[in-house]
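*Asks:* Residue numbers for the sequence shown, in this note's numbering: 70 to 151.
Hints were generated in silico from the structure; no laboratory data involved.
So the derived label-pair ranges between C-beta atoms look like this:
hint, residue 1, residue 2, range
1, 101, 150, 42 to 48 Å
2, 147, 109, 33 to 39 Å
3, 140, 97, 17 to 23 Å
4, 151, 97, 38 to 44 Å
5, 107, 132, 20 to 26 Å
6, 146, 124, 18 to 24 Å
Yeah, the Cβ is synthetic: ideal placement off N, Cα and C, and Gly gets one too.
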Amino acid sequence: MSSRRYRAPGRQECRMTDTEIIPVIDLGPYLAGASGAIDRTAGEVRFALTEIGFYFIVNHGVPSGQVREVFRQVARFHAQPL
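Make a model of the complete structure from these sequences and hints.
*Replies:* Have a look at this one:
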């Protein structure tokens, strides 16, 4: 199994094997109304969900502060006692 290196902006580099790669789906072309983008995006989402089970979206237009706040609230929720 091959491995790849990935570094998210502002994060430490990590190594991922092929089975650990999360597909990255770029919504930019779809949101811009590019020709064929809806079919291409739908195909990427379908592949990600049927073959991997998860995906990461970029160029979605959601402000980064709002994304950070959602992750903060998720962490807060999961930190609650059972």
